[in-house]
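If you read the sequences in order, they're chains A and B.
Mapping of the first sequence onto numbering that gives the first Met the number 0: position 408 corresponds to residue 407, and the numbering continues sequentially without gaps.
Mapping of the second sequence onto numbering that gives the first Met the number 0: position 188 corresponds to residue 187, and the numbering continues sequentially without gaps.
These are calculated hints, taken from the structure and not from any lab test.
Here the structure is a predicted model, which means the values were calculated and not measured.
Positions of the beta carbon are idealized from the N, C-alpha and C atoms, including for glycine.
It cannot be assumed that every hint is accurate.
The list that follows gives simulated cross-link-like pairs (lysine-lysine, DSS-like), each with its CA atoms no further than 25 Å apart [said to hold, decoys possible]:
(1) Lys462(A) to Lys53(B)
(2) Lys229(A) to Lys53(B)
(3) Lys86(A) to Lys53(B)
(4) Lys86(A) to Lys344(A)
(5) Lys241(A) to Lys345(A)
(6) Lys416(A) to Lys462(A)
(7) Lys53(B) to Lys241(A)
(8) Lys257(A) to Lys86(A)
(9) Lys202(B) to Lys257(A)
(10) Lys297(A) to Lys202(B)
(11) Lys200(A) to Lys86(A)
(12) Lys438(A) to Lys448(A)
Here are the computed distance ranges between Cβ atoms for each label pair [as the list claims (entries may be wrong)]:
(13) Leu160(B) to Thr488(A): 55 to 61 Å
(14) Asp238(A) to Leu70(B): 42 to 48 Å
(15) Arg48(B) to Glu516(A): 30 to 36 Å
(16) Arg159(B) to Pro307(A): 45 to 51 Å
(17) Val30(B) to Gly379(A): 40 to 46 Å
(18) Ala316(A) to Leu160(B): 17 to 23 Å
(19) Gln254(A) to Arg48(B): 48 to 54 Å
(20) Arg48(B) to Val371(A): 54 to 60 Å
Coverage of chain B stretches by chain A, computed from C-beta distances (three or more under 8 Å per stretch; other residues unrestricted) [claimed, not checked]:
(21) 23 to 37
(22) 45 to 51
(23) 147 to 160
(24) 199 to 211
(25) 261 to 270
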Amino acid sequence: MAVNEELKRLAEAYAGDTISRRQLWKGAAGLGLSAAWIAALERGALAGPAPLRSQLAMRAQDEATTLIVAIAENVDTFDPGFTVGSKTAQTTIQNTFDQLTQYEIVEKQAPDGTPYRTVNTQSIVPMLAESWSQDGDRLNFQMRDGVTYSNGDPIDANTMVTAYRRIFETNAVSSFLLSMGGSVTDSTAFEAPDPKTFVIKMAKPNTLTAQNNTMHNTSAVNPNEIEAHKTEADPWALDYFKSNLGVGNGPYTLQSYKPDDSLVLVTNENYYGDKPFFSTVILKIVADATQRVQLLQKGDVDFATKIPIKELGTLSADANIKVLSIPSTLVTMLELNTTVPPFDKKEVRQAVAYATPYADIIEQVYEGQAQVAKSLVANGMPTSDFSTNQFDLNYDKAKELLAAAGYPGGQGLPEIKLTIRSDDVQWERTAILLQDSLKQIGMNVEIEKLAYAQFNELEQGSKLQMWTDEWISWVNDPYYHLSWLAVSTSPTNYPRFSDPRVDEIVSQFTLSEESVEKEAASKEAQALIIEHCAYIFLCQPNWITYTRADLDGYVYYNDELPRYNHFTRVQQ
Amino acid sequence: MRLLRYVLRRLLFVVPVLLGSMFIAFLLTRVVPGNPIEKVAGPYASDARVEEMKREAGLLDPFYVQFVNYLRDLLHGDLGVSYQTSQPVSTDLVDRLPASLELVLYGMILAIGLALPLGVLAAVKRATIVDHVSRVLAVLGVSVPIFWIALVLLSAFYTRLGWLPGPEGRLPMRMVEPDRITGLYTIDALVQGQWDVFWAATKALILPVSTIAVVAMAPIARMTRAMMIDALESDYVRTARSMGLPSRVIVVRHAFRNAIIPVLTLIAAVFGYAIGGEVLVEYIFTWPGLGLYSYNAILGSDFPAIQGFIILATSIYILIYLVVDILTALLDPRVEF
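Just chain B, with the same shape it has in the complex:
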């Protein structure tokens, strides 16, 4: 019951955060030069026709009127129509969300799955080869741009070795996608027993997921190592050691459980970063997800699409933080809710 109240209280904060992000997105799209009408109208349209089209689209209204109208439509579930695809933005987002989720979720699972053991091992075996390797990987992941990692992986495993598919998107060009259940091709293909599709979708995921994982695991591994070192040097670990508890129990049950709490918060932040970094990954791998959609929307000044993407990304971000906060509250008895 207390947990439910905590969740509800947290959800109340969602409204101002969403409103604020919407306002900033709305403001930025209007302040930066460029508007979608010039492109839609084309070069042959007269100035008068362009003005008329802007008026019809409401772009000549004062800023606050445009914003209020947008909020009103939003309350009716209407995110507007994309100028680039001529489809409702909500349809576009729903169509593309699974592609991005498949990428980010697997990327984060891989990153967490590698970073936590690596961080723990580096802390336990400080100043050994494991620690050095972990540090090098972490520095690389933090300092090397995500697009460069993507290009190097493509160049090595597609162009030179030919082991993995190139930037063809989620499936090879001639392959038919599985019927949509979740929209995640790997899951849908598995559920429907389409093994060839599952294998092809998995192969297509390996390089973009690895790119995201390399970048995402670096800060998590570093933070895990630092927190584990703190925990291993703490009084309660010293006490546990003096009581003769086995080393594995000390590391896993006592030190790691305490060290993981700040790492959880970092994982939420990295998840948000991965959603942002995904734009470049999707662009390079021709991945038809939200990243590529927002990239095209920004280039084309497609206001409704940009705003729709920001609302969705903010919502996902808020949801992740909410889940992390709940997990933290459950794991850390010091947190009151």
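Just chain A, same shape as in the assembly:
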């Protein structure tokens, strides 16, 4: 008897109460079904004619093609140009909008030999565009024929011109990215010489703008929707898109959003690409990390995000959970405000660098799931250079430097506060290790825990003295990275690090094509940043995903946003 027929017989027998639950499980397992599929069978998949059972059958079949993800937070804004804080908003936008281009997906191996899929950021391939090319200072995109928004509205080069003009004329975040280094200066840089060709004119040839252009922030909202919702005071319909997700053109569309509860994505029937395996994706908002873990362990969700590192041991030991730990370019840092005593003295900052327990942080806080970090430009980014960093744990050198700064044995040091965010226990554990270690050189530090908003305000105003934070660049380009963190005028250079030579290097090479000089200049800037010790690099934590064992297809992107159309469910 064919497997399907045997399964149907089992299901009908169970539905008719002629076999027990145990017999059902034994029979189905004997046919090679995984626990999830047997559970679906038990709930009525393939079952007989009883009305309730048949309803359940529909639901069970839906379950197999429904992906449930436990996420942590609400949406801040649905406007692709403006979302900056909420991973939920960014993920929703990324899954409902395609960009002109994307990074190529490649296979790699984790340090433990596990194969995984990620992207090659040096290889940009078409997405909404059929093809693209760089011709000097022009990026040319040939649009696909017949591509539409999910409501059927056509997309051509003129659509892109309107959408990109909106980004610039509203000062959206994406405009900061595209204009980095002065590459794209204003909305006149976008042209459509014909409906098939979209052009971005850059100030000069460079490799950065094409990478910036792959990000979700450049998603093109529908001009017809802008037209329908604009007002005289709001010609780009900012108010509308703030709380309404525009009609997208990606693999999914947003069916519903209930704040503090869930978002439901369903497949876009008009999508030009391959149909995703999962026809429905439920993003369940679960604020408490412990509850996200419980839901994953019980099998009520397929994938849980933002899981604290302390759960690694428990989840790794669970045969029903798949844990993927892969190297990432995220750097955790101790940041020292160079404008506030005692950290206005380079020797004090260097003393802290020598008194930082790097190995303990990797082992005790990150349970070994982190790499050593020795430069602002992380390992895994082009031109990353650790060679000049000599700051290993060395209390003697730290004490010497502290004495040279006028604080022998820590005498005369002002009160020092180490400020951390209260949203993840890793920060507290790191802070305690730092506090203990700094005490060895006579530096007494008080730990201050702040809620996200309070921390943000003080950090962004450079009002903190010493704090921990992390950074990952969405674009895997050292000059993108240096522009945000090391340029003296950058709004995200919170420790107020300032070196004229670094400014000069970033200004000279951000908009340039690859060359030996560009690589050498990046390394020179990194050496200067290391020496100043405004940033002390603690480690590069791995990116860890936790899914049910039957979920497959995850692809790691630099922006850390999952693309649900890559996922599939496999039989165990």
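Guided by the hints, dock chain B onto chain A, whose structure is given.
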């Protein structure tokens, strides 16, 4: 007529209480570090852009100007727009109120339904096993933190036994909610004959409602016991006993009726505590109500949302006290109104 005058007189006091609570909420949100603009602007915004956004939002105005503007908008029914949800705060509150009410109302009904008989029994059967059990429960309810009770219940009935749903909110993830009539899923599902939704909503309520009930019943049971002991030792009960009245009549009609009056006031206070304690319960059970909303608002320094929540919570609190005062006046002939 006298009762109506009493109610109107009490309502007059509502205005200064609401104004006072609004002022304190407004002051606290401005004094504590943190403001919503930094988050909305994001890390890439320049200092100048952040300042401009603060100016546009009126956050650079002097405190008193901000407060007067807020009151002016409030008089027009405008509670502002939440920075976290980009929705009017009034819409957010209306959307979430039923979820919280369903939790607190059932929690309080369960707590009162258990605490009053337990308190009466403990007083009547003093120093027996009933009294000891009642005392242990009361001590546990008062001394154990509400979040711990929630976590223990979840761990036992969801994680280990698997009898009840986990922290999935008001309904299982794939289930469609009933059409909104009252917003209380159990009632709406019943009215619309959606038995599967009713059963699922009821199951989802069991653990969070029990958590609130355990905490809320403790002080009510203790107070009921103490008041009943006082009443049972009073002269009028002794007189009633000497007149040969049946024990049930003495306990229910005479002692309990006198003992319940201070308990009513306590129930109002516990109701207020339950609204506050609900924040943690909603956080742990992923319950999309006012508690979770205010929790997120506080973390994100979402000023309009925090203020809106405080106004609503204060109003509910005042309303409960008003109802209790009216009940007290009706039950206790010594109260003049």
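Hints versus structure:
Between Lys462(A) and Lys53(B), the direct Cα distance comes to roughly 18 Å. Compliance with the 25 Å bound is thereby established for this hinted pair. A C-alpha spacing of about 24 Å is found between Lys229(A) and Lys53(B), which places the hinted pair at or below 25 Å, so the restraint holds. A distance of roughly 24 Å separates the Cα atoms of Lys86(A) and Lys53(B); the hinted pair therefore holds under the 25 Å criterion. For the given pair, Lys86(A) sits about 37 Å from Lys344(A) by alpha-carbon distance, which is inconsistent with the 25 Å threshold.
Straight-line distance between C-alpha atoms of Lys241(A) and Lys345(A) comes to about 44 Å, which puts the hinted pair past the 25 Å bound. For the hint linking Lys416(A) to Lys462(A), the alpha-carbon distance of about 11 Å falls within 25 Å, and the restraint holds. Only pairs whose Cα atoms come within 25 Å are accepted, and Lys53(B) paired with Lys241(A) is accepted, the gap being roughly 18 Å. Only pairs whose Cα atoms come within 25 Å are accepted, and Lys257(A) paired with Lys86(A) is accepted, the gap being roughly 16 Å.
Distance hint between Lys202(B) and Lys257(A) is fulfilled; the C-alpha atoms sit about 21 Å from each other, no more than 25 Å. With a CA separation close to 17 Å, the supplied pair Lys297(A) and Lys202(B) stays within the 25 Å bound. Among the hinted pairs, Lys200(A) with Lys86(A) is inconsistent with the structure: their alpha-carbon atoms are about 30 Å apart, more than 25 Å. For a cut-off of 25 Å, the pair hint linking Lys438(A) to Lys448(A) stands: about 19 Å separates their Cα positions.
Hint check: Leu160(B) to Thr488(A), Cβ distance near 59 Å, so the stated range 55 to 61 Å holds. At roughly 24 Å, the beta carbons of Asp238(A) and Leu70(B) sit outside the given window of 42 to 48 Å. Between Arg48(B) and Glu516(A) the CB atoms are about 34 Å apart, so this pair conforms to the stated range of 30 to 36 Å. Checked against the given bound of 45 to 51 Å, the beta carbons of Arg159(B) and Pro307(A), roughly 22 Å apart, lie outside it.
Between Val30(B) and Gly379(A) the beta carbons are some 44 Å apart, a value that agrees with the proposed interval 40 to 46 Å. Distance hint check: the CB atoms of Ala316(A) and Leu160(B) are about 21 Å apart, consistent with the given range 17 to 23 Å. Remark: the range hint 48 to 54 Å for Gln254(A) to Arg48(B) is contradicted by a beta-carbon distance near 34 Å. Between Arg48(B) and Val371(A) the Cβ separation comes to about 37 Å, which falls outside the hinted range of 54 to 60 Å.
Here the segment 23 to 37 of chain B counts 6 residues with a CB under 8 Å from a CB of chain A, which clears the bar of 3, and the coverage holds. Coverage of a stretch by a chain is defined here by at least three residues with a beta carbon nearer than 8 Å to that chain's beta carbons; for the segment 45 to 51 of chain B and chain A the count is 4, and the condition holds. For the segment 147 to 160 of chain B, the stated coverage by chain A is satisfied: 4 residues place a CB nearer than 8 Å to a CB of that chain, which reaches the threshold of 3. With 0 residues having a Cβ less than 8 Å from any Cβ of chain A, the segment 199 to 211 of chain B misses the three-residue criterion, and the hint is violated.
Counting residues of the segment 261 to 270 of chain B whose C-beta sits closer than 8 Å to any C-beta of chain A gives 0, which falls short of three, so the coverage hint is violated.
This entry does not satisfy hints 4, 5, 11, 14, 16, 19, 20, 24, 25, going by the numbered hints stated previously.
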